[in-house]
Each structure stands twice: as C-alpha cells, then as structure tokens.
Amino acid sequence: MKAKNKSKSTKRTYNRQRKSKAVKQNKIKKALKEISSLKKRYQIFYDELPDPIRTIDTNGIILDCNRSFAESFGYSKKEIIGKSVFDFVADESRQEYVDSFTAWIKTGIAIPGQSWLKRKDGSKFLGLVSANNLYDENEKMIGSNTIIKDITEIYETRKKLQEDEAQIRKHYDELRKTHEQLTITERKYRTLYNKSPSLLRTITTEGILTDCNEAYAEALGYTKEEVIGMSFYNHTAERSIADLRDNLEKWKKTHEVTHQEIWMKRKDNTIFPTLMTGASLFDEHGNLIGRTVALTDLTDIYEARKKLEEKEVKIREHYEELKKLDIAKDEFTSMVSHELKTPLTPIMGWCQALKNPKILGSLSPKQLQAVDAIQSNAVKLRDLVGDMLDAQLLDMKEMRLDHKDIDVTEMMDFLVKNLRSAMEPKNIQFVNLTTEKISLKSDRSRLEQVLNNLIFNAIDFVSPENGRIETKAESKDSEILFMVKDNGIGIPKEKQHHLFKKYYHLDTSFTRKYGGSGLGLAICKGIVDALGGKIWVESDTGTGSTFYFTHPKNGKTR
Amino acid sequence: MKVLSIEDNADINMLLETVLTSSGHEFVSITDGRKGLELIKQNMYDVVLLDLGMPEFSGFDVLDALKKEKLMNKQKIIILTASSIQDKEINELIKEGVHSYLRKPLDIDVLVEKIQQTSSDK
Numbered sequence: 001m002k003a004k005n006k007s008k009s010t011k012r013t014y015n016r017q018r019k020s021k022a023v024k025q026n027k028i029k030k031a032l033k034e035i036s037s038l039k040k041r042y043q044i045f046y047d048e049l050p051d052p053i054r055t056i057d058t059n060g061i062i063l064d065c066n067r068s069f070a071e072s073f074g075y076s077k078k079e080i081i082g083k084s085v086f087d088f089v090a091d092e093s094r095q096e097y098v099d100s101f102t103a104w105i106k107t108g109i110a111i112p113g114q115s116w117l118k119r120k121d122g123s124k125f126l127g128l129v130s131a132n133n134l135y136d137e138n139e140k141m142i143g144s145n146t147i148i149k150d151i152t153e154i155y156e157t158r159k160k161l162q163e164d165e166a167q168i169r170k171h172y173d174e175l176r177k178t179h180e181q182l183t184i185t186e187r188k189y190r191t192l193y194n195k196s197p198s199l200l201r202t203i204t205t206e207g208i209l210t211d212c213n214e215a216y217a218e219a220l221g222y223t224k225e226e227v228i229g230m231s232f233y234n235h236t237a238e239r240s241i242a243d244l245r246d247n248l249e250k251w252k253k254t255h256e257v258t259h260q261e262i263w264m265k266r267k268d269n270t271i272f273p274t275l276m277t278g279a280s281l282f283d284e285h286g287n288l289i290g291r292t293v294a295l296t297d298l299t300d301i302y303e304a305r306k307k308l309e310e311k312e313v314k315i316r317e318h319y320e321e322l323k324k325l326d327i328a329k330d331e332f333t334s335m336v337s338h339e340l341k342t343p344l345t346p347i348m349g350w351c352q353a354l355k356n357p358k359i360l361g362s363l364s365p366k367q368l369q370a371v372d373a374i375q376s377n378a379v380k381l382r383d384l385v386g387d388m389l390d391a392q393l394l395d396m397k398e399m400r401l402d403h404k405d406i407d408v409t410e411m412m413d414f415l416v417k418n419l420r421s422a423m424e425p426k427n428i429q430f431v432n433l434t435t436e437k438i439s440l441k442s443d444r445s446r447l448e449q450v451l452n453n454l455i456f457n458a459i460d461f462v463s464p465e466n467g468r469i470e471t472k473a474e475s476k477d478s479e480i481l482f483m484v485k486d487n488g489i490g491i492p493k494e495k496q497h498h499l500f501k502k503y504y505h506l507d508t509s510f511t512r513k514y515g516g517s518g519l520g521l522a523i524c525k526g527i528v529d530a531l532g533g534k535i536w537v538e539s540d541t542g543t544g545s546t547f548y549f550t551h552p553k554n555g556k557t558r
Numbered sequence: 559m560k561v562l563s564i565e566d567n568a569d570i571n572m573l574l575e576t577v578l579t580s581s582g583h584e585f586v587s588i589t590d591g592r593k594g595l596e597l598i599k600q601n602m603y604d605v606v607l608l609d610l611g612m613p614e615f616s617g618f619d620v621l622d623a624l625k626k627e628k629l630m631n632k633q634k635i636i637i638l639t640a641s642s643i644q645d646k647e648i649n650e651l652i653k654e655g656v657h658s659y660l661r662k663p664l665d666i667d668v669l670v671e672k673i674q675q676t677s678s679d680k
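For the record, the sequence lines run as chains A and B. The numbering of the first sequence is this note's numbering, which starts it at 1 and goes up by one. The numbering of the second sequence is this note's numbering, which starts it at 559 and goes up by one.
A few of these clues could be false.
Listed below are the simulated DSSO-like cross-link pairs for lysine-lysine, each with C-alpha atoms no more than 30 Å apart in a straight line [said to hold, decoys possible]:
#1 K534(A) / K646(B)
#2 K441(A) / K625(B)
#3 K560(B) / K404(A)
#4 K625(B) / K355(A)
#5 K553(A) / K646(B)
#6 K625(B) / K437(A)
#7 K417(A) / K599(B)
#8 K380(A) / K672(B)
#9 K501(A) / K625(B)
#10 K646(B) / K404(A)
#11 K560(B) / K417(A)
#12 K404(A) / K672(B)
#13 K404(A) / K625(B)
#14 K653(B) / K358(A)
#15 K19(A) / K29(A)
#16 K646(B) / K358(A)
#17 K441(A) / K560(B)
I should point out that these hints are in silico values taken from the structure, not numbers from a laboratory.
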C-alpha cells in the first residue's frame, strides 16, 4: 500500500510538476505574446513619434530611425541606416559634436546640446539633441536613442527677439538721453529767461501775461506776481498802444513777431523806449498759443542819438561858418592882391621914370643903386601877388584858358632868349635841346608861365659852379613832353611828392634863402592839370632834378 | 598927342603926367568916372587911358554908357586894369571898340610905346 501511496504521491507531484510546467510555459507564452505586442507597440510608437529619433551604436553608426527623422533630413530610412551620425552634422558644429560624442563614450553621460545639422539637400537646421543610453543584459552601454528636435524656428524667433530687444534698448537709451538733455535745456532756458538782462515776457494771443522774467518785473516796478495776469497794454505807454495793437493783429495773422520800437510804461507811469523782438509759441498741434518777446531798453541809445544829433547840428553850424570864412578868405585874398597891385603901379613906374634920364634928369650912381633896389623888390612883390592870384584861381577852378595855335619850337626859342639875361649873373649855361617842329593848340601865356616857373626854379637850385640848365620839347605818342633839367642839389625822394603842394618848400630855411611864394610848383601843377597833362620830377640828392610835364596833342582841357 | 587919363589914383596920374609930358604929349587927368565920360563925349583927345577899377562909377560903367550911346568908336580907349579880368573878357571889350589894354602894374616904357602906336592907327 505504501508504494501505491508513494506512486500516488509521485503522480501527484508529477502532475503538480506537469501542471506547473504548463503554467510556466503558458506564462512564457503569454509573456512573449506581451513582449511581441509591446515590441510592436514600441515600434509603432518609435516610428510614429512626431519628433525625429534615431538609434545608434557606440561607434556612432545609425542602426534605426523613425519616419520623422528620415523626413527631417530628406533621406529615405534605407539611406540613413548604416550612416555615421557625423554625416548629419553641419561643418560649424562638427568639432563641438565630436567633443560631445567623445565625452559620451568616455563617461556614458550624454549631455543634451544644440548643433547645426545638415539635410540631404545641404540646407541646415538647428537641432536640440538629447539621448537615452541603451545597455545590454550585462549593463554595458551599447548605444543610444537620440531625439532631435528642430529648434530653428525657436532659434530664429529668439534671435529676432534679442535683436528687437537690443533695438528697444537703443531706443530707450536715446529717449532717456533726449529727455536728460531736454531737462538740462529746459533748466538752462529757464535760467536764461529769468536772469536775462533783456526784459522778457510771455503773453497769450490776447496779450495777457502768463510769465515774465525778473528784469521785466523790476524794470516796470512790479513784482512778478503782480505782472502775471495783467494785459500788456497796462505796460505800454499811450503813444505806443496803437502800434502794439497793430503789431498783435499782424502777428496773429502771420505768426511772426515784427521788430518794433515800443515805449513802455512803468507802475509809476514813467515811460521808456524799447526795441521789441520775439518768437511765437505753438501747442503740439501747431496752433498759436502765445509769444515770448524780449524788450531791449533803448534809453541809452536814445540819449546817445539825441546827443549825436545835437553834435551834428553843431558840426553843421561849424561847417557853414567855416564855409563862409573860406569864401571870405578867398574874397579877401583876391581883394588884397588887387589892392596890392594898384600901389605897385606908381612904385614901379616911378622907378622906371627915375632911371630914364630923359624924364627927370640923370641920377648919381648911388641914387641909381637905390632906385634899382626899390625896383627889384617891387618886381618881387608883383610876382608874389601874381602867384597868390593864380593859386586862388586854380583853387576856385576859375582859371580860364585861351586856346590858340602855338608854334612850340618858336615859343621855346623865345623863352630861352628872354631868360638868358637872368642866367648871366650866375654864369649858367642855358641850352634849348628842342629839335622838332612842334605845333600845339593851347594857352600860350599859361604854358609859358609853367616853363618860366620851372626854369626860375632851376636857376634857384642849379649848381653854383658850372651851372647848366637844359630845356626841351618833344613829340611823344599823343602828347608833347616838356622838360626842364638842372645839375643842382637835387631833391630827396621822400620829399618829392610834397613838391607840388601849395606853400611847400623843402624846409623853411629854403624860403629865407631862395625867396619865392612857395606857390610856383603848385601853380605849375594846377595849370598842367587844367591843360589836361601831367607833371612830375625825377631827381635824387646830388644828382640834379629833371621836371617833366606833358600836354595832350588834342587839347582835352576844361 | 592929347592924352586923357580917367584914374582915381592921383599918384598914378602924376606918374603918367610926368612920363607922357616928357615924351611930348599933352596930358589931362580926372579922378571921377562920370566926369571922365563927359570929357570923352567932347571928343577932344587922341587917346583915353581908362582905369576899370574905380569906386562909384567904374571904367566898366563908362564903357557901358558909351556902348548905350553908340559912342564906343569916338575915342581911342586904352583900358588899364589891375583886376584878374580874363583875356577873353578883354578881347570881348576890344571887339566892342576898345583900342587895347594894359595890365597894372604898368611898365611905363610899354605905355609910351603903346601911345605912340595909336597915332599910327586910324
């Protein structure tokens, strides 16, 4: 019975065992079935995941990838499998990618990172790469599943945002600066307005004061508080109210403040002149809202002007007086000259009569000497008076000229012959170098006067020994050139331009030494000018002097 | 020749008288222009010396009166002048019948010569 039992037990055990094995097998079957289902689900999940995913080994060879991945890179799945991960990295990210891969192999830690990746067609996109490691049953890392998210759009947006932000920051900085400057300007303007020495006021379009500076209030004798709200007519003198009203109306039409003289009225009713200048104020829509004007106190200028006018009147009176005196002087000179000439007639006449034995009998030699002295001095006096008269005429431009045909050659001969007697006492060699036949239409007596003056001038200054005076007339282009040359002491260059002025001698000792009115050369210049010519001297100390003057052939004279 | 001098300056008249009488001329002088004019009208002289610059009744007045009465050619008139009268004006007077002129101060030799000349002029 025991065996039976035993076998019964074994059978039970066997059954139990058989039963458990079946269960086990069932379980495995079931598990496998589940695994298969999971795998299928996983594969579907893997394939249909919207994010691109790939599976790589530790060499970086792609073992698998999903559809999204293939689409993202523009390849077919077949083309991708077996390629290296590096084939999908753009150049600019290659080094970084290699470093990161190397680090992953070494440490087993894959740090998510951004890399520029390239598609089949060469285009690029920025991918966020994150990986999950894969291990075998021995926990050895065999690869990873890598999800690559295209973040190009995010990158672009962020970049744009950053740029926008920079732009906004720049704008903001500028605005802040402008604001700061405005604040400074406003403060400056305020200070300027308040402290300006000009009288400044700001009014509405109706002339009501909304602001004024310290100078304004002070000049008018008000406090600033009193001034604000007053009409500007209250500050205007009666005489300027109409002007100011016109000014206001014109300004409202043109928006331009016309400069105007305005008389202001102080609190104590005293008035003072100002010059008003100003600028219009507009609101943000461009509407005229008022104006700020500067009033410059003209009191000083007015007084100065008044003084000037008074002075001018005085100067004018003075001038008129002088003019009268000048005329009186001219008349006096003229009268004196004539009055002097009249007594000269008996003086000179009696000298002549006394010297003529037929008239009053013979004189003793001593008496004759005395008469000679009287006569020569009378001649000098006559010449001086004549010079004064001529100078007077030239001054008044009253010398009238009597033009006639002149034989210049004959005139020169005549002069030389006439003056030879004046040369003899001084032993002067006097030469006429004129060779041409020259005729001219001119005033002979005036022309002779010029030549006479120049020759007598030469006699005064010619060398005391071996004195030589040359004179010449020659035809030159459209003019006749006259010359009087001496070998005397000469004239220093710096004194030559004074030479033709009235009453000029080289120095005063000259007059005493050589006599003469000092008018001779001035008269020469006056006559030559009147005849339409020019006169000048060429000389230097010690080399003698040569006087030249020209006379136009076609007498252009006054 | 008979010479009349109308000249307000007595010293000049005395000089003229001395010089001209010594040259054989008859000489009469008068210092008043109006009276001088009357003497000219009487036509008793060969030459009249007429001073232009006399007070009250000047030589110009004498000439104006003669011109008015068309008596300019009645006598040979030599005018004497110290004024700055211009050549043109003198020429004008000569055209109107004045014989000639002399400027003061006088050169007595020239005067004598001039008076001698008038006797040969018609």
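Practice task
Hints the structure violates: just list their numbers, smallest first.
Solution key: The structure breaks hints 2, 3, 4, 6, 7, 9, 11, 14, 16 and 17; every other hint is satisfied.
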